[in-house]
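Trainee: The chain contents come next:
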Amino acid sequence: MSEIIPEVSKDGLLDLGKKLFDERRVDYFLGYKKGTVRFKTIPLIARKGEDLQELWVEDFFHANLSLYLKEIKGRVGILAKGCDSRSLVSLIKEGQIKREDLYIVGIPCAGQVDPGKAAKAASCEPEELEEIIRRNQEFVIRANGQEKTLSKTQVLLDKCLFCQYPRPLIFDSLLTGDYVAPVSPVARAQDDLRQKPVSEKWAFWSGQFERCIRCYACRNVCPACFCPRCIVEENMPQWVSPLPAEGDNFVFHLMRLLHVAGTCVSCGECQRVCPVEIPLMKLNEKMTDDLRELFDFVAGVDLEKALPFRTYRQEDPQDFIR
Amino acid sequence: MYRKITREKLRKWLIGLSARAEILVPAKMNGLWTFRLFHNQELPQNFLNSRIPPKNLFFEPLKGLLGWKAADGSFQVNSCPAPEAARVIFGLKPCDARALRLLQPVFTGDYPDVFYAGNLSRTLLLGQACRVQCQGSFCSEVGIDRQDSVDFDVFFREIAGGYIVRVITEKGNTLTGEKEFFEESSAGEWNSAKEEIRGKNEIPLFNLEKVKAGARERFPDEDFWMRVSAKCINCGICTYLCPTCHCFDLCDLQRPGQGVRFRCFDSCAFPDFTKMAVHNPREEKWRRYRQRVSHKFNFFYENFQTVACVGCGRCVAHCPVNLDLREVLLEMAR
Amino acid sequence: MEAKPETEKKEKNWEPKILAFLCRWCSYAGADLTGSSRISYPANVRILRVPCSGRVNPLFILKTLRSGMDGILVSGCHPGDCHYTAGNYNARRKFAILSRLLEYVGIDPRRVQFSWVSASERDKFAKVVSAVVADVKALGPNELFQLPDFGQMTKGPTSPDP
Ligand code: SF4
Ligand code: SF4
Ligand code: SF4
Ligand code: SF4
Ligand code: SF4
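Chains as they are written, first to last, in this note's numbering: chain A, 340 to 661; chain B, 36 to 369; chain C, 3 to 164.
Everything labelled a hint here was simulated from the structure, so no lab data went into it.
You may find that some hints are simply not true.
Said to hold, decoys possible - On the chain C side, residues computed to face chain A include the following (Cβ under 10 Å): (1) Trp27; (2) Lys65; (3) Arg68; (4) Met71; (5) Ala88; (6) Arg95; (7) Phe97; (8) Ala98; (9) Gln115; (10) Ser120; (11) Lys126; (12) Ala128; (13) Lys129; (14) Ala133; (15) Phe147.
Claimed, not checked - Cross-link-like lysine to any residue pairs, in silico, SDA-like; alpha carbons within 20 Å at most: (16) Lys266(B) / Gly388(A); (17) Lys96(C) / Phe543(A); (18) Lys44(B) / Asn75(B).
Bear in mind that the values here come from a model prediction, so they are computed numbers and not experimental data.
We put the beta carbon where it would ideally sit given N, CA and C, even for glycine.
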């Protein structure tokens with residue numbers, strides 16, 4: 340078997356993928372292909388070398404491809420950004436996948452574009468955006484025939500602005516290219532809601548929960564939600580009622596939040612796909628902050644450290660217990 | 036019959052109507068366009084379409100059907116009354132109005148649904164012509180005119196400073212007959228108010244007849260459906276945002292001494308949608324995706340002689356993995 | 003209209019309903035001892051015996067809130083005393099996160115409380131229950147999850163702007 344170089348160029352990726360298939364090292368290769376809708380790419384699920392012809396690795400790597408590992412079993416080659424690689428670490432720790440089955444091509448991530456946010460910054464409707472072009476450390480936006488230059492903070496997804504791990508944590512080879520302009524992490528803005536009185540918190544969240552239509556896209560897109568049968572589908576007895584009413588949505592969201600605690604790597608997919616734009620990351624961030632504070636645990640960064648709910652310390656905080 | 040009205044007078048007219056009816060107009064809530072109660076505000080000019088289809092105002096995502104109470108040895112069941120209060124919705128788009136009409140035979144056919152029928156008959160539908168093609172849409176390919184429609188009571192075409200109005204139903208005629216607001220107009224003026232749509236497909240994407248034929252032919256082709264559905268993640272976005280999807284579930288909520296029976300949406304994308312005691316005929320993802328496409332372009336057509344897709348593009352624009360219905364249809368038409 | 007004084011009276015006499023998840027080895031035995039020692043404690047608690055505090059899935063707590071209970075108490079053995087060695091240590095981690103998240107979405111932490119009560123702590127059990135009942139009384143009924151009037155139960159555009 341020939342030696343695989345740890346770095347691979349954009350053009351070299353196609354050859355690498357084909358080689359992986361030829362040498363029977365993978366049965367599938369997960370990548371991206373050009374989207375049919377602006378600022379989107381389509382997950383490419385290649386079963387053979389020829390399928391890779393459509394591979395497109397220029398921009399808009401929004402999708403966390405590790406979600407397909409719920410379904411696709413066997414040896415898989417996969418493209419992974421920094422946060423996606425944390426999902427892979429999480430899944431390996433949860434025993435869902437094996438490291439040796441994966442061939443990971445890391446993407447050193449320069450941050451992903453949030454079209455909604457860019458539209459707001461350019462004061463237009465998202466539908467009116469025509470183009471978003473990366474130019475050095477800035478972005479050029481074209482909308483309604485006009486050009487505007489926006490800063491990274493105005494265009495990138497919030498999660499990317501304070502991303503601590505833009506470079507994948509585990510990989511077999513690393514993609515080189517012009518995206519290697521790592522975002523310099525900025526401190527995450529304090530969530531104002533946390534300081535508010537409890538009644539205001541309910542006012543905020545009940546308003547958000549009320550809007551949830553229970554499409555379950557947040558669950559289905561989430562790599563951490565890998566149960567073959569989710570508890571919301573259980574109906575004998577029925578634990579979570581399917582009514583899209585605020586009370587039942589409260590049960591659904593809190594339940595899911597607790598189920599992904601320790602595995603959720605703040606990849607932000609749930610919030611990105613939510614068709615009614617519920618700020619789910621506020622919940623995830625609160626949960627990850629609590630895990631760090633209470634149990635010194637950060638998900639998806641350490642293959643050795645035990646998951647927070649699989650272990651305990653005798654001196655764990657218990658000031659809330661009578 | 037054609038009339039015209041200025042922008043300001045239209046607002047005044049709606050304010051006047053609000054004494055007699057509930058008025059809903061396009062408004063932004065949490066950054067999303069939707070139809071909200073009218074608070075005498077200026078009507079928006081850059082409204083494309085709502086994210087959540089107006090179907091939800093007729094076939095509600097959550098609807099109480101009946102309730103029961105047990106008290107002092109008696110047991111009482113009450114059914115939820117059919118909606119009656121008059122209502123006006125302004126700013127609906129031709130695709131969504133067509134969708135409301137498409138659902139009519141489903142809800143008012145053999146098993147009439149008093150709620151859907153009540154909602155339709157209590158509502159005055161005021162439509163508005165599109166000026167920009169929505170992302171992902173293919174409405175003209177499925178036979179919808181973005182600048183004209185007869186699915187409304189009254190249809191508005193925007194001109195500088197106001198609107199030219201096409202009056203379609205008798206109800207619409209009576210209400211727009213108020214001289215104080217509306218002036219008479221002509222077919223000529225109506226025709227000259229027709230606009231070029233911005234961003235439209237120059238060449239039709241596909242031929243609908245071929246799609247319908249393809250939908251029948253492709254049905255047994257398992258490889259085809261497996262291939263096109265491979266990336267689908269089985270979320271319900273495409274069904275919950277679709278103006279014509281209408282699958283629902285019934286469930287009860289109980290408390291000591293009382294309870295309510297509800298109807299809520301369900302989706303053929305969900306694995307449990309067809310689960311029965313011993314068998315699930317749509318266990319695999321490709322069968323569910325096939326169901327969604329076939330229902331719209333094959334079964335519904337067989338039952339009601341029209342396809343159940345109005346090409347609004349919501350499922351195309353909001354699918355988390357960009358599974359583009361247009362591409363699937365294109366392949367079926369080949 | 004005539005019914006009004008009736009409901010007002012009802013509200014004045016309102017008593018909270020509290021569900022207590024008690025582990026069978028310590029807290030349930032403690033509650034038993036409290037009763038058999040004829041120490042009185044408020045009758046607002048409905049006791050549900052569980053094998054271990056570790057058995058209490060956070061979903062039980064969410065579902066209890068959703069079903070309209072006014073308050074919840076979860077009680078188990080003191081750390082180190084778990085019949086299954088570490089059930090309560092594991093439970094403690096889950097509850098720590100749960101109670102913080104509940105607070106963050108706007109559920110007053112006094113509605114969902116936790117305690118360690120051993121089989122011999124009959125006074126502590128009475129004290130904990132009284133304190134929880136007093137807290138929940140001060141908060142008032144759990145109105146967040148009331149069953150809505152079925153006639154109104156339609157999701158529509160008339161709901162207030164958040
Ligand atoms: S994606 Fe959004 S609307 Fe859908 S279930 Fe999740 S939170 Fe609710
Ligand atoms: S919400 Fe919970 S039960 Fe449902 S899939 Fe996610 S982890 Fe599993
Ligand atoms: S809960 Fe959301 S942020 Fe966390 S892993 Fe799942 S999709 Fe990513
Ligand atoms: S929206 Fe897309 S991913 Fe979700 S069920 Fe529909 S086709 Fe599948
Ligand atoms: S299938 Fe898609 S394009 Fe057709 S009506 Fe439904 S949401 Fe619109």
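Trainee: Which numbered conditions among the earlier hints are violated in the structure presented, ordered from lowest to highest?
Mentor: Going through the list in order, the structure violates hints 1, 4, 10, 12, 17 and respects the others.
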